[in-house]
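Participant: Quick note, the sequences are listed as chains A and B, same order. Just so you know, we're using our numbering here: the first sequence kicks off at 1 and counts up by one. Just so you know, we're using our numbering here: the second sequence kicks off at 1 and counts up by one.
Since the hints were made in silico from the structure, they are not lab data. Quick caveat: nothing in here was measured; it's all calculated off a predicted structure. Ideal Cβ positions, reconstructed from N, Cα and C, are used throughout, including at glycine. A portion of the hints provided could be inaccurate.
Claimed, not checked - Partial selection, computed: residues in chain A whose CB lies under 7 Å from chain B:
id, residue
1, S37
2, P38
3, G39
4, T68
5, L70
6, R74
7, N120
8, L121
9, C123
10, G143
11, Y170
Residue strings, one per chain:
Number of protein chains: 2
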Amino acid sequence: MKRIPIVTNVLEYNQSVAQEIRRTLSSRTLVLNLLSSPGAGKTTLIERTIAALKDELRFAVVEGDLTTTLDADRVAAYEVPVVQINTAGGCHLEARQVMAALSQLALKDVDVLIIENVGNLVCPTAFDLGEDAKVVVTSLTEGDDKPLKYPGAFVAAQVIVINKLDLAPYLPVSLAKLRAAIATIHPHAPVIALSCTTGVGFDAWLDWIREAVRTKHAKV
Amino acid sequence: MKRIPIVTNVLEYNQSVAQEIRRTLSSRTLVLNLLSSPGAGKTTLIERTIAALKDELRFAVVEGDLTTTLDADRVAAYEVPVVQINTAGGCHLEARQVMAALSQLALKDVDVLIIENVGNLVCPTAFDLGEDAKVVVTSLTEGDDKPLKYPGAFVAAQVIVINKLDLAPYLPVSLAKLRAAIATIHPHAPVIALSCTTGVGFDAWLDWIREAVRTKHAKV
């Protein structure tokens, strides 16, 4: 009888590659892993963030999508290094894909590496990509009950961004209820409500990034 | 050396249970499998549909969520039989879960069984739940590029509902571009644009259901 090899636990293997990513990157590079439902506004958040901070910090971006380079094309217009990972149907990014993408980027002197995960509030949560922080973006249009219904992502987040605040007057959704739902699931998580369209609340997000970069540098 | 059992292909097993569901249900029961991103409005669509058609058709609902009974509680208020499946973190419903749920429902004389899948535009696509039609709900707030970025769900759909049409004036999103993106991915799919909030476009959706019920009955 043939010997059947035992496949190492997928998550354990992913974790070991995530640690390799941490060793590969400069200890001064802040790595953010952006998670959300499809269409919550991750790419727009990245665009606005780079536009606001590009004279202050050096960015690089890894875009994860099932298919297409639509998001990478948008980000590349801001003249930052960007690599697209197509998962060919895969529902989340894995560390080995990010590791391969890093070889395509000039990583020296990058202050902030942003990884935009596949739009999916469930599967990406379990896969460490070598990040310093998971950023969960939830759009106000998705309703005020999503933290209760998809707790895994919200528990894993180091910061939670509530996007599309400009639409509040037109939605049957309560910002206070959404904040209360987040507080139930992850009581001490910083929560930043903003609109990428109007810019309201955006300064708090930029300050969060600046502070995260400072904290990272202080550890070196 | 111990013999290691070979696990049957997950999708093949799921397919066999889906066929069992088809044999279990009355051949007169239309089964719809609702797929979307979190917060696209599946539950609200179900609520409005039942409110509009409950004197005409008999409904039953299976709710799929990672956790909580929030959606099932909302639907139960319309006095239709409803069962909640909690996937305990699982990113999609599988036929075996639906089969187990059916034993909790009085299925005799149900005209339309609606299965609300976990909010996820990727993973549920591959899992047949014994449905007659996959209904993909996409909210205008998610942007006009989602069919291109998440083609699997749109290809698999028998009908595509564009929801939250009432928000069009406030969004940097083009309904024409969204329709064009759908046409690229699935040229002949029926597309119904509507708002569950204002009711605009809703009659076309109700007519689609009535016609699907008639078609199902005609096959008996």
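Participant: Could you run down the list of hints and mark each one as holding or not?
Facilitator: Quick rundown of the hints versus the structure:
1. S37: Since chain B brings a Cβ to about 4 Å from S37 of chain A, closer than 7 Å, the hint holds.
2. P38: holds (4 Å)
3. G39: At 3 Å from the nearest chain B Cβ, G39 of chain A passes the 7 Å test, so the hint holds.
4. T68: Because about 5 Å separates T68 of chain A from the closest Cβ in chain B, which is inside the 7 Å limit, the hint holds.
5. L70: holds (6 Å)
6. R74: Violated. Min distance 10 Å.
7. N120: holds (6 Å)
8. L121: holds (5 Å)
9. C123: holds (5 Å)
10. G143: holds (5 Å)
11. Y170: Since chain B brings a Cβ to about 6 Å from Y170 of chain A, closer than 7 Å, the hint holds.
The structure does not agree with numbered hint 6 stated previously, though it agrees with all others.
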